[in-house]
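Engineer: Spelled out from the first residue to the last, the chains are:
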Amino acid sequence: MDMHSLYLVVPLAPLAGALLAGLFGKTIGRSGAHWVTILGVAVAFAASLAIFQDVQAGHSYNGSVYTWLESGGLKLEVGFLIDPLTTVMMLVVSFVSLMVHIYTIGYMAEDPGYQRFFSYISLFTFSMLMLVMANNFVQLFFGWEAVGLVSYLLIGFWYTRPTAIHANLKAFLVNRVGDFGFLLGIGLIAAYCGSLDYVQVFAKGPQLASMSIELFAGAPWMLVSVICICLFIGAMGKSAQFPLHVWLPDSMEGPTPISALIHAATMVTAGIFMVSRMSPLFELSEAALSFVLVIGAITALFMGFLGMIQNDIKRVVAYSTLSQLGYMTVALGASAYSVAIFHLMTHAFFKALLFLAAGSVIIGCHHNQDIRYMGGLKKHMPVTWLTSLVGSLALIGFPFFAGFYSKDSIIEAVALSHTPGAGFAYFAVIAGVFVTAFYSFRMYFLVFHGEERYDQVPHDPAHHDQHHDAHHVQAPHESPLVVWLPLVLLAIPSLVIGYLCIKPMLYGDYFAAAIVVGPEHHALAHMKEEFHSSFLMALHGFSQLPFILAISGVALAWLFYLKRPDLPASIKKTFQPIYTLLDNKYYFDKFNEWFFAGGARLLGRGLWKAGDQVLIDGVLVNGSAKLVGWVSALVRLYQSGQIYRYAFSMIIGVFVLLTLWMHRV
Amino acid sequence: MNFLMPDFYPAAAEIFLLAMACVILLLDLVLTQKQRWIIGLLTQATLVGCAVITIMTASGQVVLTFSNMFVDDLFADFLKLLVYFSVSVMLVYSRGYLALRGLDKGEFYLLVLFATLGMMVMISASHFLTIYLGLELLSLSLYALVALDRDSARATEAAMKYFVLGAMASGLLLYGMSMLYGATGTLEIGGVAQAIYHGVANKTVLVFGLVFVVSGLAFKLGVVPFHMWIPDVYQGAPTAVTLFIGSAPKLAAFAMTLRLLVYGLFELAEQWQLMLMMLAVLSIALGNLAAIAQSNLKRMLAYSTISHMGYMLLGLISGVAAGDRHFALNAYSSAMYYTVSYVMMSLGAFGMILLLSRAGFEAENLDDFKGLNQRSPWFAAMMGMLMFSMAGVPFFVGFFAKFSVLLAVVDTGQVWLAVVAVFFSLIGAFYYLRVVKLMYFDQAIDTAPIKANLDMRLLLSANGLAVALFGIFPQAIMSLCTFTLLRSL
Chain A
1 MDMHSLYLVV PLAPLAGALL AGLFGKTIGR SGAHWVTILG VAVAFAASLA IFQDVQAGHS
61 YNGSVYTWLE SGGLKLEVGF LIDPLTTVMM LVVSFVSLMV HIYTIGYMAE DPGYQRFFSY
121 ISLFTFSMLM LVMANNFVQL FFGWEAVGLV SYLLIGFWYT RPTAIHANLK AFLVNRVGDF
181 GFLLGIGLIA AYCGSLDYVQ VFAKGPQLAS MSIELFAGAP WMLVSVICIC LFIGAMGKSA
241 QFPLHVWLPD SMEGPTPISA LIHAATMVTA GIFMVSRMSP LFELSEAALS FVLVIGAITA
301 LFMGFLGMIQ NDIKRVVAYS TLSQLGYMTV ALGASAYSVA IFHLMTHAFF KALLFLAAGS
361 VIIGCHHNQD IRYMGGLKKH MPVTWLTSLV GSLALIGFPF FAGFYSKDSI IEAVALSHTP
421 GAGFAYFAVI AGVFVTAFYS FRMYFLVFHG EERYDQVPHD PAHHDQHHDA HHVQAPHESP
481 LVVWLPLVLL AIPSLVIGYL CIKPMLYGDY FAAAIVVGPE HHALAHMKEE FHSSFLMALH
541 GFSQLPFILA ISGVALAWLF YLKRPDLPAS IKKTFQPIYT LLDNKYYFDK FNEWFFAGGA
601 RLLGRGLWKA GDQVLIDGVL VNGSAKLVGW VSALVRLYQS GQIYRYAFSM IIGVFVLLTL
661 WMHRV
Chain B
1 MNFLMPDFYP AAAEIFLLAM ACVILLLDLV LTQKQRWIIG LLTQATLVGC AVITIMTASG
61 QVVLTFSNMF VDDLFADFLK LLVYFSVSVM LVYSRGYLAL RGLDKGEFYL LVLFATLGMM
121 VMISASHFLT IYLGLELLSL SLYALVALDR DSARATEAAM KYFVLGAMAS GLLLYGMSML
181 YGATGTLEIG GVAQAIYHGV ANKTVLVFGL VFVVSGLAFK LGVVPFHMWI PDVYQGAPTA
241 VTLFIGSAPK LAAFAMTLRL LVYGLFELAE QWQLMLMMLA VLSIALGNLA AIAQSNLKRM
301 LAYSTISHMG YMLLGLISGV AAGDRHFALN AYSSAMYYTV SYVMMSLGAF GMILLLSRAG
361 FEAENLDDFK GLNQRSPWFA AMMGMLMFSM AGVPFFVGFF AKFSVLLAVV DTGQVWLAVV
421 AVFFSLIGAF YYLRVVKLMY FDQAIDTAPI KANLDMRLLL SANGLAVALF GIFPQAIMSL
481 CTFTLLRSL
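Listed in order, the protein sequences are those of chains A and B.
Under the working numbering, the first residue of the first sequence carries the number 1, and numbering increases by one thereafter.
Under the working numbering, the first residue of the second sequence carries the number 1, and numbering increases by one thereafter.
For reference, chain B alone in the conformation it holds in the complex (with noise of 0.2 Å):
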């Protein structure tokens, strides 16, 4: 057998940053405690690096690498920059929350520093191994994570859950997997799609292996019935974890679920649509209600997540309608689109409990947030504006997400799956609105001042303004999605 060297510049984003996680896994060691703001300062500097690297070498084709292990399209690339945006955006917010509670050690950078390694290789994978060498660096870094405040009972156990219910999770993905390998004799996506486009797969054993790889993408998803560990893990982790958590990995997830799905499994839609369908019926309608008994912020935007996470699925299942392909483009980009604005406005939301936490206290009840407008109207605003995107008010950028995909549910005929979904969105602007009316019309119980660092203050309202900003002008977003999707498929 020939080893054949491999091209490593589609990769060469990947190789940079582990080799700057190493060098500041070393550096680490050496600095004293006083010196540690250089290790966060050299994570941003890897990430930008990181950037700069994936739009240098991004060439606009579909590029396979690794003996088709890994594959770096504009679909990818455009993800993973917003990866190292939203991360970067996220270690900006949580810098002094973590620096109060004493948890800015070097793990954290370095953990958070793997688990974007992990999403990258999730992105960019075209093989079901490479998908899960990628899912489980990132899980696994993200349960320590969750853990990293080691004194914290809730948050151990928090970590615990996570950890046995994804190992669960991981191996129901897993099977499926070798289900898929038993039926079509590779473990290469494109090589599954041209078998089963070839008919040479036994169709039962296809879809028992389907059944289980929609059950493991539905666990790191997040929707019903196996979203169980969101709400607990969101409530449990440390603030700044339920950020990272909340926004970057969903697009990785995305990521996963377009290459499996739609990429090696597309000859199979109208079944996997079907089951996507009932997930998301189920998180839509479960995520509304549960979200507006919760009194705890995080517990309830955990609730958010598990809803709007159905939506997002509501536009994967809308590109294949009675055999007709022609919805997918416009389908999946909407979904594509309704993930970054997700994460946008998750990214925002939680910024703002960090904003109002301080040493020992924790912003994450609802009644911190009464009467934030007498404590400070600017960014009670900000609040409100996140609130109303998420409830899908016009015209932020919450409201032009869930149009693109009820247009799409709408486009294929499925008028009933738009009207339930309307529905229960309806019953969502509830809890969402209640914070806006807490914050403007409630007498505020916590009147300490607000502290926190210009950088944070000021990304902070950009990204309350930017919600704003493409809801007036939500081409801009969907038409890169579009794009990005149309030259990679």
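Chain A with its partners taken away, still in its complex shape (with noise of 0.2 Å):
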């Protein structure tokens, strides 16, 4: 087969095993739709391979598969572009994919909605795969709303519950302000560069660059610095960077398979792949990644902090995403779009992990997720345990684990920066480093270790699963083979993706055609002088301010909730005002809700009363509609059949025409 058709096959695969579960799943049952949709992410997951070692032998492709539309010069196509940022995307989508497909079979094992289950996240890894693909921003921003509709979808799955019907109206309305953005970010390059395609795009971006905007009379913009802040905020919504986080620790609510696939390991990320893509315009820009580059810092450090109180297992998980998302952004703003995209490969490893773990934990503790009520479930579930143990260390930058490599390599190239606020971000970067070992420890302690605490789980009806029974005062056990073996399979990476790939990725070419560094942002150009291989970085690592700061984080961790689990409480009732501050997550929901959805309320209410029922229904629908009832009678009236007056209005016509006419000449 050629690539041509080869590159077809990937996103066409899971859209095919999609279609077959959700259209035919009562006829294909239960086992039809999970082999049907894991055959197809595996193949997709093949032909990514496939592809993978033709790019790296140097091929690459950009073209377009079909022309959808062709308007006033403005072609709207589907296309792809094939390059090695691609090809990196796309193993690790169609990866991490197939693991929670493989998973899905046994978290959702009693769940009714099984086949709908799995339709949708393969219908997602459809999605995903078209926006990495793209060779243009429509089919981009086509596969960006793709992966947020199924995110919608995917968080209501349940959709008894209230609380995760609010939960997925969050995601989707707050993903709404961020498109909203990156729509006109992608309607200013239509506008001004009369296409949509990236390369074209990219080669008109020197002429943008000389180009200002005036958004405010009197006060010019640079035209490339607007685009590159509008995609950005495209990209704040969808990889949760503050202030529009808000969404993410609630979409918590939907199953955790899809936590881990699209809450952390794929679609949140696209944000960061996107601005990756882009590098060529956001390098014009100082202003823009300069923006990103607080964002991120921002990100980086406040979201770590709420991770620190949760006991939620999930939330902790999904603070930390949103803490390491955080790192990723940094990186981006610093120029070294290499760095992000390494670390979200890493991270997507370790934390779909991470994610697929805390999932396994709560099947085994028959579905209580407070970490407050496990402890000790090391020797109850030893597979679990490990490989947990290998994804917090992975998180934590442990050297030798893949993250010490990426989260290293940010944080480098951070101090090295001299993008405006590279200050502030190297700052957040590093005091992050030791919130991350705290809270990730914190609940590997409370989880692993500790006196066993399952058996008293108060009643919470708030999070059960609609298979809760009373059940939860037994042991909690090991969880079945399709569950740890993606925890296996996830592990594996996690150890040894960053000691291998660092080379290339970061210092090699790997990426020379795809990403565009300008020269005046020579971060990486100095780290790669001072690089020689992963083992003396690792070794390195050990005697670096990281390492030392990771550690005591685990070590205050463990002092905290094993030698001495009286201290937290005292200390909580010390520092209650922060405490109460970071509970209620620095009031971002209470001022959104306050503020946004009572002013929206508001404004509504306004609007409907002055608006529709006096403006609306009272002159426009009643008024035009008496008055086309009037004409329209009067027509009827007229046209009464006598052909006498049909003869009339045509000389009428005649005449008129006739006397218009004679006059003009």
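Simulated from the structure, these hints should not be mistaken for lab results.
Careful, some of the hints might be misleading.
[As the list claims (entries may be wrong)] Calculated pairs, SDA-like style, for lysine to any residue (alpha carbon to alpha carbon, straight line, at most 20 Å):
| hint | chain 1 | residue 1 | chain 2 | residue 2 |
| --- | --- | --- | --- | --- |
| 1 | A | K75 | B | Q475 |
| 2 | B | K437 | A | A625 |
| 3 | B | K203 | A | K75 |
| 4 | A | K573 | A | D589 |
| 5 | A | K379 | A | E451 |
| 6 | A | K75 | B | I472 |
| 7 | A | K503 | A | E530 |
| 8 | A | K626 | B | S425 |
| 9 | A | K379 | A | E530 |
| 10 | A | K75 | A | D197 |
| 11 | B | K203 | A | L556 |
| 12 | A | K75 | B | F403 |
| 13 | A | K572 | A | L556 |
With the hints as a guide, bring both chains together as one complex.
Structural biologist: Given below as structure tokens:
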């Protein structure tokens, strides 16, 4: 098979699976549904591997597959851009998706919506692959919205729960805010470049850089800065960056497999991918880069703080995801796009692992999610314990683990960056290391070590699945093979992928064609001079500040939650105001509900009263209906059926035309 | 005077059709009532044969013959194929309807064939006389078809009105043509264009003739104020004949308009554009407003035709702006696209009325469509798609038709005209969507099961789906329109 058809196979195989499982779910049954979808994704993964080989051999592809519409010189097309950046994303997406598909067999075994779930996650895989493979903004936007839609459907998968419905609505609305910016950015590009094709737009980049646009009269802005910031606002929504982060923690209402797939490994990283893809544009705007850097730094640090006080196992991981997305964004802001993609990749593996492990713990504990009522699971769930440990070590950046290579590279890149705001960002990422280590190991110790507290769980109607029953006093048990196998398969890359890939991805020329870095942003070049080998970098890591901070974080967690469990309570009492602030998530939700939701309701009520009832109903609808009725009654009256009237109107017509034109001539 | 043997080859399809019509005429005398089906089959075969000949003889060049009275170009070939196709679809739709009413006589098929011949001659005319010849052949056949149901008072009244007014319109057209002849000294369309271009024609006489020609065309297209026959004829004629009048002749009328105004009088474009613009705005406004008050579906579709032809004219009037002619191809192909998609929708909509009619019952009132969804969800969906398409809802073919003519209007800078057109199409959406509402949300009054032949069911379904399909892939027809026009102008 030639490569072109292979490119098509990658997105279409999961789509076929999704359609089969979704439309014929009843016919093919539960096992039929998981077989077709897993087969579809497996084919996509295999094809991605083959394409990866091909790209390694130096081939790349950029071309359109189908022209949907052509209007006024603007082409709306479906097309693929296959280059190193795309293939990395394709591999990550299809691999994690495959793992999650397998895991779902065990996790959703008793759920009545089994086929629907498989259909959705395969549809998600299709959309995400379309997004990353796009060679133009239209398809990017299509994929962007499609993953958002599936995310919405999956957060509200258990649609009988009010909390799930609230959460998916929130995710949808917050993403609308981001998408608004994204669409404005795309619109500006279409208006000023006359094309939506990546290559053509990038070629016009230097021209854009010299143009300016007046957003407010008398205050010209650099056009390219406005475009980049608009695009980045889209990324802020999708990748949950401050202050559009509020939807991600609530999205944990969805089933755990999708938290792993969508809200940790792939969809939320779409924003990071998009900015990297747009590196030729972002490199032209110092202002946009600085904006990206500061937003990322705020997210990285302050979302980490929130993770320290959460008690829901999935929410801890969710805040950790927010914080790690912040790290990636910081890397983007420091023009270290390849480092951001590198962290995206390692994070996808270890965060998917942590989420799936959390899901395994939840099954083991009979759908209790509160880490205060776990403890001592190490001996009950050995595989989950070991893989979680690997994941946590990778997350905190312990040398030799995958996360160490990517996170340390980010910190170094920020330290060497001169983009305005880099000082603050450096502080945020370095402090973030300590915070990350603390909350990760707080969770790890509370879940897997210490005394067993699973028999103390109070009955909480808000957090149980439909198939919850009264056996939560039973001892936890290890999960079935289909659940722990993906954990093991994800633990392997979490261990070794950083060690293996750092050299080609960061310091080789792997991304040379796909990512553009301006000559003034030379952090990576500096790092390249100091880099000798993966092994030496890890050894060197043991003596560095991040390692010391990470170890102190772990030690503090050990002290608080294993050695002296009484300490946290007394600290909480001492710093009550800070705790309350964190517990209310900096009051963002309350503010949004009061200001935006309340304000929107107030505005809506006003418009309804004044606009709808008086103006539209009263004047426009009833008024125009009366007018239309009156006119058509008049026409009916004249159309009497008498032929002389018909002839008369024709003669009048000729007469009027004749008079007018004879007069003109 | 020498008689030169003309080249018959470009007119082979017309000659074939004429020969077949004579064969059917003779055959009709000897066949018994039970063997009547042969005539229907033979008529269909004739149309297929014409299509084959038209395709075989298409040269892609502009070929003139019969002393420059007849032209064969890609534009004519394309439109003729569409005419055969829609006549053939019409015959399938109306077979059951006519049989139940005892109207499936040889006359019907013969008149349809002669009307088809008339349309073909109109489409290929390059001379005022050929245009008139084709027009009269078509019109006379149609008058007779409307009166096919001799015992129906309504039908005979409609036929009488149509005949009297049609004769008047022919007179107007003929008078206009004679004026043009007086001004230019030739009846050939190409010659007229040459004469005006060289400035040898008297401007006053030209414009005088132009007004009459435009009036005649306006009658044929059925635009305000030359539209009054349409509602009565549409309602009075047997539905099968209404279906015929509402489909293929629109293509021929479009071809005639294009041949006369664009091929012949392009130099006067600024004049006739303004005339047609007035007629278009009046048609769009009156058609949409009056349709709302109708309770008879055939009458409602008649007013809808008036407004649709108004929209089509929007494309024709956007060819030249301030002396700049480079909009022409785009504008005329959008008008052509509009006509083609209108014919497609019109076939489907009248086909639905035929589907629901049965012996002694005409499903021509809006109330007859109430609760159609309970009786047949599939055909309710088809009718729904046709109505959505007529209303111009994306992504149906009607949307792209409206979109392309509006784009043509905006291109020439007449934004106000586009706004007016959109405003009235908004009003028009009401009565199309009312049909959808009746079908889905009201209780059925008529609960008889739907009986129709398999071929009709399949074709009608295909028609409904085509409206959606060509809405998703609008480029297919659009590029054909642009291509054939480009090769023929």
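Engineer: A separate judgement is required for each hint: does it hold in the structure or not?
Structural biologist: Verification of the supplied hints:
Taking the CA atoms of A:K75 and B:Q475, the gap is near 12 Å; set against the 20 Å cutoff, the hint holds. Restraint check for B:K437 and A:A625: satisfied, since their Cα atoms lie roughly 18 Å apart, inside the 20 Å limit. Proximity of B:K203 to A:K75 is assessed by CA-CA distance (about 45 Å); at most 20 Å being required, the pair is judged violated. Restraint check: the Cα-Cα separation between A:K573 and A:D589 comes to about 24 Å, which exceeds 20 Å; the hinted pair is violated.
The straight-line distance between the Cα atoms of A:K379 and A:E451 is roughly 12 Å, inside the 20 Å bound, and the hint therefore holds. This hinted pair checks out: A:K75 and B:I472 have alpha carbons roughly 15 Å apart, not beyond 20 Å. Restraint check for A:K503 and A:E530: the C-alpha separation of about 12 Å stays at or below 20 Å, so the hint holds. Between A:K626 and B:S425 the alpha-carbon distance is near 18 Å, which keeps this suggested pair within the 20 Å criterion.
Under the criterion of a C-alpha separation no larger than 20 Å, the hint pairing A:K379 with A:E530 is inconsistent with the structure, at around 44 Å. Distance restraint check for A:K75 and A:D197: the Cα-Cα separation of roughly 9 Å lies within the 20 Å cut-off, and the hinted pair is therefore satisfied. For the hint pairing B:K203 with A:L556, the CA-to-CA distance comes to about 100 Å; that exceeds 20 Å, so the pair is violated. Taken as a hint, the A:K75 and B:F403 pair is honoured in the structure, with Cα atoms around 17 Å apart against an allowance of 20 Å.
Using a Cα cut-off of 20 Å, the hinted pair A:K572 and A:L556 holds, with the two alpha carbons roughly 15 Å apart.
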